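Asks: Residue numbers (my numbering), protein chains in the order written: chain L, 720 to 823; chain B, 720 to 823.
Source of the hints: derived by calculation from the structure; they are not laboratory data. Fair warning: this is a prediction, and the values are worked out from it, not measured in the lab. Be aware that a few hints might be false.
Repeated chains share a single entry, so a pair holds when one copy, or any two copies, can fit it.
[To be verified] Pairs of lysine-lysine residues, derived as BS3-like cross-links and limited to a Cα-Cα distance of at most 27 Å, are as follows:
hint, residue 1, residue 2
1, Lys820, Lys757
2, Lys723, Lys820
3, Lys723, Lys756
4, Lys820, Lys726
There are 2 protein chains.
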Amino acid sequence: MDRKYEKHLFICTNQRPEGARVSCGEAHGLALVAAFKKAILHNGLTTEIRTQRTGCMETCEMGPSVVVYPEGIFYGHVQLSDVDEIVSEHLINNRVVERLKLTF
Amino acid sequence: MDRKYEKHLFICTNQRPEGARVSCGEAHGLALVAAFKKAILHNGLTTEIRTQRTGCMETCEMGPSVVVYPEGIFYGHVQLSDVDEIVSEHLINNRVVERLKLTF
């Protein structure tokens with residue numbers, strides 16, 4: 720196999736000090752990582768799909784942010800209630816979740 | 720533009736406790752992030768290319784690890800002395816640095 724992961728999700732967990740510029744936030748980011756991991760495990764896809772925390776992706780104003788590679792699709796304002804939809808629609812069925820997609 | 724970054728590098732900064740399984744290491748990972756950022760800035764490519772820290776990519780035994788998306792090319796055993804070559808060869812000229820490339 721040439722590609723290690725079919726889908727590789729990076730979730731921002733960047734936390735800025737209180738009063739500074741808006742940030743995605745460590746607590747929310749880590750909760751998203753845990754929720755994605757749980758959904759991916761539940762679907763038996765831990766070999767094909769990897770999800771993990773990352774630093775700032777410069778989409779702070781539209782955070783909490785998630786990027787899915789290799790497509791390079793960014794999702795913004797991602798809430799825990801969005802995780803199942805991103806997993807079932809995008810990660811499993813390759814259908815981008817347009818309502819959360821960021822455009823640049 | 721549909722794609723936010725032409726190249727998006729994620730560098731593992733995962734640090735396990737002493738005596739635990741090998742890890743890429745926070746100090747080395749952050750030094751790599753800084754070196755890549757400096758080289759990318761030096762080449763005037765901060766809009767097109769983003770580099771940032773990330774968590775474990777499950778390539779611990781072959782770390783320190785870097786992945787370049789959208790290609791999904793993983794590099795292993797990456798040292799500070801390798802940064803300029805990865806930037807000039809891969810990021811600028813789209814030529815994979817075969818001697819550091821991981822295969823799966």
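Asks: Failing hints, ascending?
Replies: none
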